Amino acid sequence: MRELVIVSGKGGTGKTSLTAAFAALAAQNGGLALCDADVDAADLHLLTQPAIRQQTDFMGGGKALVDPDLCTGCGICRAHCRFAAISERFAVDPIRCEGCGVCVHFCPERAIAFAPQRCGQWYVSETRFGPMVHARLGVAEENSGKLVSLVRREARQVAEDRGLKLLITDGPPGIGCPVIAAVGGATALAIVVEPTVSGLHDLGRVLDLAAHFRVPGLVCVNKFDLNPEMTGAVEDLARSRNVALAGRIPFDPAFVRAMVQGQTVLEFDQADRARRAVRAVWDNIIRSPAMNPARIVDFRQTIR
Amino acid sequence: MIVSVASGKGGTGKTTLAVNLAAALGRKAQLLDCDVEEPNAHLFLRPEISHSRKVGTPVPLVDADRCTLCRKCAEICRFNAIAVAGRQVLVFADLCHGCGGCTLVCPEQAIAEVDRELGAIDFGTCAGPDYVGGRLRVGEAMAPPLIKQVRAAADPRRITVVDAPPGTSCPVIAAMHGADFVLLVTEPTPFGLHDLRLAVEAVRLLGIPAGLAVNRADLGDDAVFAYAEQQGLPLLMRIPFDRAIAEAYSRGQLLVDADPCWRGQFQALYRAIETLVRQGGAVPCANS
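Top line first, the protein sequences correspond to chains A and B. If you read the first sequence in the working numbering, its first letter stands for residue 1, the second for the next number, and so on. If you read the second sequence in the working numbering, its first letter stands for residue 1001, the second for the next number, and so on.
So here's chain B without its partners, still in its complex pose (with noise of 0.2 Å):
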């Protein structure tokens, strides 16, 4: 079982749902953190760290002495990544999107593949969930096939909680792709409204079932409720605003150990999933 927790808007509450539901379930369930651009789930778990495996993505490397500077490798690439500029081949690593057509393309056998270092990939134990969380190298532009590598490395005889980035461009596209559930978390606001009409758009094109998650339920308005009734997604969790909450988030601890009562709610609330997942079926498609 793959449960993705998205949302459009940022800091609606992600990282909470998820670390709390992987801490729910314990030793069964592993926390995938796909937010590899600003990975926290860490901050909640504290998972030791056991090994980290560097992440890269191929790369062209030109033999200058094979090259005749044919251009055929320059005509291929769609991404401008290789040039031919006078008498030498021009690589540009950064825009490569490591399709190898430089390679394949290539009469005189002359590009090879290196990898460029496009993050890591840490593995940990706490003391409930397994943890594996990618890390974004600082200056990297391409999160996609970082947080896929992150995804491959889930350990598929457990539950797995995936804590995705926000947006619904294409890393959370990437993060929920191929999940059996996306939660979806927001505010009552609307700015948390606008985001998740688009972030319910990204899972009907994936085809996925959905449910709601409303952190911070009562500071704003009704409108977030409105709108999921009328596009049946169902409401599976209300969190309040609570400053001892906010105060407990904010010193990185888990609202699961704050108060043990939320334990048995977030408990609850995989198996309202579960039961979801087996009556099958993506969100309905109201008159969107």
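Isolated chain A, as found in the complex (with noise of 0.2 Å):
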């Protein structure tokens, strides 16, 4: 099974956008299995519209509570916190609190409690690409590495047992936790950047984090045309780092309307310009040898 993650470093590229159009054109050519890691912003399913089959909540760590009948408001508490998280009335802010527990491990009254919260939920679904797994954070909550981590795991496993060979991954915009969660193992990087300083900039910072994962990557320029000249230099940075270039992809509002009619690019009419390039760009990219069917990586390949 090879799993093709997209992801960009700047946000707002159209990530999610080439993702349901990359999952309509491999569901007429062997099917595959949708991930969704963009568990603090999910929008793929705007796009899939998924009928939710299994939802499951997804616990984080512990919230300090502390209770006003025990507390003696010795202070203990508020003098080892790190976060700031406890006022001078003994009040815990939810919000600050790290959840280290250091607070409820030295109380001398046991005041303290320290349940696990629910801090999102995931789902296994299906859609007419094939099966789908996705997630909603809860918001201002943690742990976004950790849900990023089990939605890739879980949507493995689905592809496994339906004998899927693909998963198409659409992947967190940034360089943190979740993006950190969301590239390891990937058999491939797929990053959509736009021709901006900002686009170009972003990419020169996930291609340093994606060459930590010895991953191969391919670059695909979106809105190609708003900036030829910066397109340039996009695809120069990317054939410096070992990156393919899968191709360019022009603006076209026509993906916005898509998207307002809750379809890929590849379902809208009047969007032959943008599926062409889709297309080629999808074509390169599943041909590529980075996603060869038996998933030998050829480290002179990867990104540097």
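Fair warning: there could be bad hints in the mix.
What the hints assert, rightly or not - Computed cross-link-like contacts, DSSO-like style, restricted to lysine-lysine with a CA-CA straight-line distance of at most 27 Å: (1) K146(A) with K165(A); (2) K146(A) with K1072(B); (3) K1028(B) with K146(A); (4) K1148(B) with K1028(B); (5) K1054(B) with K1148(B).
Honestly, the hints are just simulated from the structure, not real lab data. All values reported here derive from a predicted model rather than from experimental measurement.
Reassemble the complex: the two chains are provided individually, in unrelated frames, and hints are given to aid placement.
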């Protein structure tokens, strides 16, 4: 089973629109499983309309809660809390609480409870393209990396159970904890970049991160015609880091119009130019040496 | 005055709003780049960096001679960052949240603390606002402690404009917590609306007044505008989709420089924010 993870560094470059379009193409050709690993602001379901078959709570660590009846106001908890989460009146701010439990340990009255919190949910669903594993992290919650690892593991399991040879994972933006959890162990990365100063800068950082994991990658420039010169700079940077070029996609309002209809650009009429470009990029990705069905990793091909 | 510019969805125009707002306010403002994973504000403000400071978080360092392998440190650690294996104590610094529990609990005082590098903060000046920006070390997972330190490095005498990271989890909360106002930025698309709802939830949780800026305002549908009205979220700015704006952005050019009429619009935006903050009160809790 091969897993293609779509990342970008910078947000809003078109990861999710392309993930869904790739899924529409792969569904016509051998089938696939889908995973939405952008658990913080998951949007893939808006294009795939999953029917949820299984729903499971995602439990995080504990949060401190002081019992005012037992508290004597000795102040030890406040003195030991490094996160300034305990007020002068010994109430815990759940947003500041890091869940370290130091106050719980040192409270002489055992007045602080520490119950595990539900910090999200994850789902196994059916879509018109194939099975999909996705999640919803609660607002202001932590542990997004753990939830990303969990949905990827479950998605791989679902794909294996059904004999599907391909998993496409929509990754989160950035280079922090959720991205680190989304990139490790991928067969290849498809990096969606926009031709702007921000897109170029953020590509450099996501390549630095990807190089740690020794995965191969392909770059696709989205909305390339907004700045052809910058498109060239993006592709030069990709080549210099041993990243293959998957192609260019023009700016086309059809992506937004398809999204408003809850469709991928592949299923949307009046989008011939965008469709042709997406198809060409997908062919380059799926036929690339990195995505070979035998999953042979050629370390000379990995991001440097 | 602290204004955080945030959005659930990435790529909606947070940085555009933040840098242009700061630039329109000029010398009385400072821009704090709290999108430490992918900081971009400097590409538009082009500050001259006067100095940088490394930022770390404390992690344990165990003195093996004093350690009696009592395991109390491993027992208190909720993050599995310290463990006893055979006759030695192993520290997994990447997992450590720096709570100091192990140091406090060790009966032999065998645990000291050293810094693990999270990244750096750059300080700079440009023609207009001052610049303070965080840069997460590549490979480092924990952005929130760095974001908190960027926030702490702000000059309280200036108007602070915070460029927040995308999403709604802990890094965003660190960038919004304690702000006087949150300017939410979205695009009028189904993705934009979905992620705006999450961002509004976060703002309500923190009890901060908020307003909305809609970018590429004519590219999509009307659902975002209807939602804002229904939620009592004031619409403070609309930026149309304009190829000239998109191209100026792609080159790293400020809107207020590309077309001076935007300077007045961003100054008016700040006055509207001031008025809303004076009136006080968080986003009204409509029947959400």
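Evaluated hints:
no.	hint	in the structure
1	K146(A) with K165(A)	holds, 25 Å
2	K146(A) with K1072(B)	holds, 26 Å
3	K1028(B) with K146(A)	violated, 42 Å
4	K1148(B) with K1028(B)	holds, 22 Å
5	K1054(B) with K1148(B)	holds, 14 Å
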